[in-house]
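What follows is each chain in one-letter form.
2 protein chains.
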Amino acid sequence: MEKEHAQQLQEAIKAVESINVKKFYFVACGGSMALLQPAQYIFDREIEVSAAIYSSNEFIHRSPKMLGKDTVVILCSHSGNTPETVKAAEFAREKGAVTIAFSNVLDSPLLKAAEYSITYDYGKDTIASEGNNGMLYRLVFGILNSLAPQDKHARALKCVNNLQKVYDRNKSNTAAAACEFGKKYKREKLIYTLGSGEYFGVAYSFTSCLLMEMLWINSNAIHSGEYFHGPFEITDYDVPFIIIKGLGETRPLDERAHAFCQKFSEKIVVIDAATFDMEGIDEDLRGYFGCLVAGVVLRQYADQLAEHTGHPLSVRRYMWKMDY
Amino acid sequence: MEKEHAQQLQEAIKAVESINVKKFYFVACGGSMALLQPAQYIFDREIEVSAAIYSSNEFIHRSPKMLGKDTVVILCSHSGNTPETVKAAEFAREKGAVTIAFSNVLDSPLLKAAEYSITYDYGKDTIASEGNNGMLYRLVFGILNSLAPQDKHARALKCVNNLQKVYDRNKSNTAAAACEFGKKYKREKLIYTLGSGEYFGVAYSFTSCLLMEMLWINSNAIHSGEYFHGPFEITDYDVPFIIIKGLGETRPLDERAHAFCQKFSEKIVVIDAATFDMEGIDEDLRGYFGCLVAGVVLRQYADQLAEHTGHPLSVRRYMWKMDY
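Those sequence lines, one after another, are chains A and B.
For the first sequence, this note's numbering assigns the number 324 to the last residue and increments by one with no breaks.
For the second sequence, this note's numbering assigns the number 324 to the last residue and increments by one with no breaks.
Just so you know, these hints were derived from the structure itself, not from any lab.
Just so it is clear, CB atoms sit at the ideal spot from N, CA and C, and this is done for glycine as well.
There could be a bad hint or two in this list.
What the hints assert, rightly or not - Derived coverage of chain A by chain B (criterion: at least 3 residues anywhere in the stretch with Cβ under 8 Å from a Cβ of chain B; other residues may be distant):
1. 37-45
2. 50-60
3. 229-235
What the hints assert, rightly or not - Just a few of them, taken from the derived set where beta-carbon distance is under 8 Å, the chain A residues facing chain B:
4. A15
5. V16
6. G96
7. C209
8. E213
Can you make the complete structure from the sequences, with help from the hints?
Dropping the structure here:
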């Protein structure tokens, strides 16, 4: 698969090079949209071309006027079967945009609908550089290195190769804390998450997919900066918050939220990327890569909540059971 | 004030005309950010220039690479005193962007920091066309009518003049339902909101500012399309949802969420813009204006929740009481 992956990426990047890109759209639903969120952040930071992110159905119905032949639409669906995302690919392609789609499944409707296909590996034997985040970052920094070549973007492509080792070390380093979390928070009916910058996607997917969808625990992913403009009034001694402190430019927002929140809540769980072992990732790229590690670490926290609540992450009451 | 308002708008629009705009940024915090959200939607729909929206501190720390002399930054703070937004105006101005700021207070730090000031009226005697939403729409359609002149944009400017009457009629039409809501939901500790398109800002501000900030009720503003990609698994007979059904292009998303949610929750409150009396607003503009009416209607719902819980909307435990 590795050779095929490299070729898929090369073709997609060549397609982006072949046009005068006016705008990038990242389009997906739920966890896949959250997966794409850091890419939008990185484009904002690194390149003078607009990048926006939309939930698939919002994208289709909103039908942004700029969508057209000088735009690139990057989509993702794990199964390649998400109807809204398949439709978004068809819609964007009809409008003349370059469409690049990520999926775990090669022959899926999404990869048939989009012009350029990128498959990624999944499962416990997957090497991170060939997994969903690894492949996304290879596309992102491949595009950046092509449109705005610089040493940093080339180095980022090399760092992707070290991701698996970084994941393994940090999973091992945080396993005990995750277990502690599962034990301590198993009775909670509501847990808020906080994050900002390229780490907001991780907060969003933890809230939407892990807490609400898989564990039936009420939640809201609050932006660390927005926390002070309304949501912070909900803070009290017994209100739990998972605060993700990033390593990137918006870290001061997370630090401020943490500093305030800990004065009034006795139930704070901090996922601090500054405590991650980031060896193998260049210093100036640790912000961008730390959010991927935060996702892997938080997955363990969800696993332990499942373990201690006796509510497996695979349980659903609506999904897979009915049409909607 | 009306003459002054018109002149402020004219100067701001002239400033936008004087450059070759590459991107619009809408920048504010909390309720003011939510206020700007429909403007971003309208720009997406009506013009081939990118528009993005950011919370002020995210905007500053993220420091988008495109921010510069060919960009326009539109900010808002009611008091004109929100430190992050004042700083965002200074930051954007240093970068060479055209800065246009909205506030209720003429001599406020925000209006001093931005190059172009727009004041709006506030309070019970305010006429809607001179209030925050009215002034914002006058700027938005003024810019559109200048950059992409068309009959629709010119007509929108006239419709703003009818907003007050539309507000008054719909407030009166929904007063009883709001009271009913306050009575029925006064014991709830958690209420979700749902919305999409240009109506998402209303859901967001109801969640962040009215429920969480003012009433200390847990909440999350869930995007109607995203609801099916995680959050919907939280739905149960006793989980309350306020579903905002818009009148714009994304209404099918809200309808789908409503259709599903009502099968499993017995606590659904629907704010359906299709039931609003929109006389005075042109048919093809009712989507854009309906979200403003939804905001006014929902305010009554919050007032009634305050009335029946005995928790006035003016109560705070942190804001105004300490530094943070």
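Cross-check of the supplied hints:
1. 37-45: The restraint on the stretch 37-45 of chain A holds, since 3 of its residues have a Cβ under 8 Å from chain B and three suffice.
2. 50-60: holds (count 6)
3. 229-235: Holds, because 7 residues of the stretch 229-235 of chain A bring their Cβ atoms closer than 8 Å to Cβ atoms of chain B.
4. A15: Not OK, violated: A15/A not within 8 Å of chain B, min 21 Å.
5. V16: 17 Å, violated
6. G96: 13 Å, violated
7. C209: Because about 5 Å separates C209/A from the closest Cβ in chain B, which is inside the 8 Å limit, the hint holds.
8. E213: The hint holds - E213/A has a Cβ within 8 Å of chain B, the shortest such distance being about 4 Å.
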